[in-house]
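Please take these sequences and the hints and turn them into a complete structure.
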Amino acid sequence: MHQIYWGALLHDIGKIGVADAILLKQGPLNKDEWQEMRTHPEKGYRIVSQIPGMEEAGEIVLSHEERFDGSGYPRGLKGEQIGLGARLFAVIDTLDAMTSDRSYRKALSFDQARAEIVSMSGTQFDPVAVQAFLTEETTLREMVVAKCMMSPAITQTQMKGAGHGKQH
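In this text, residue positions in the sequence shown follow the working numbering: the first is 384, and each later residue adds one.
Source of the hints: derived by calculation from the structure; they are not laboratory data.
Where hints are given, some of them may not hold.
Unchecked claim - List time: in silico DSS-like cross-link candidates among lysine-lysine, alpha-carbon distance up to 25 Å: (1) 489 to 408; (2) 398 to 414; (3) 398 to 408; (4) 414 to 461; (5) 489 to 398.
Unchecked claim - Per label pair, the in silico range of CB-to-CB distance: (6) 486 to 457: 31 to 37 Å; (7) 461 to 502: 18 to 24 Å; (8) 425 to 463: 28 to 34 Å; (9) 400 to 514: 21 to 27 Å; (10) 388 to 433: 15 to 21 Å; (11) 505 to 400: 19 to 25 Å; (12) 400 to 479: 30 to 36 Å; (13) 457 to 487: 19 to 25 Å; (14) 384 to 520: 15 to 21 Å; (15) 454 to 511: 16 to 22 Å; (16) 461 to 414: 20 to 26 Å; (17) 411 to 434: 33 to 39 Å; (18) 403 to 514: 17 to 23 Å.
Quick caveat: nothing in here was measured; it's all calculated off a predicted structure.
Even for Gly, the Cβ is constructed at its ideal location relative to N, Cα and C.
Written out as structure tokens, the structure is:
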């Protein structure tokens, strides 16, 4: 779990090697910009893998954009070729991304993000990782609410959507 924690914390460290103009772009990325963005897992891996004892964390950094169906990057890994830590983290990373405002779109409510994640079980996400997400839904919902309360740009509608709804 220690390595998963560090991999999660450092997963996007490779973005320090991606131009701010790409990271902060308001609209869709063009082909060249997208190609540059896709280098961040490898750049991050090169940083984290230099730290003794961080091998599994480095693998999470390298693999966090891989998809269960093989459609991810940088290596196009599929299923159990992707380490368990990276498969678990992919769900949480997506939850965080979906429930955060971005320069190119507004945040979704927890319930909207949950529905999207469940719909991607077996394709983007390992079904085991999605089940783990659902098992911890109450805790994750509380974390999203807390994050939203810290964000001045969050709307009351998003807060209500994150704090209410079905609980397992």
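Outcome of the hint check:
no.	hint	verdict
1	489 to 408	holds, 14 Å
2	398 to 414	holds, 17 Å
3	398 to 408	holds, 14 Å
4	414 to 461	holds, 24 Å
5	489 to 398	holds, 21 Å
6	486 to 457: 31 to 37 Å	violated, 23 Å
7	461 to 502: 18 to 24 Å	holds, 19 Å
8	425 to 463: 28 to 34 Å	violated, 21 Å
9	400 to 514: 21 to 27 Å	violated, 35 Å
10	388 to 433: 15 to 21 Å	holds, 19 Å
11	505 to 400: 19 to 25 Å	violated, 33 Å
12	400 to 479: 30 to 36 Å	violated, 21 Å
13	457 to 487: 19 to 25 Å	holds, 22 Å
14	384 to 520: 15 to 21 Å	holds, 19 Å
15	454 to 511: 16 to 22 Å	holds, 18 Å
16	461 to 414: 20 to 26 Å	holds, 24 Å
17	411 to 434: 33 to 39 Å	holds, 35 Å
18	403 to 514: 17 to 23 Å	violated, 38 Å
Hints 6, 8, 9, 11, 12, 18, counting from the list given before, are not met by this structure.
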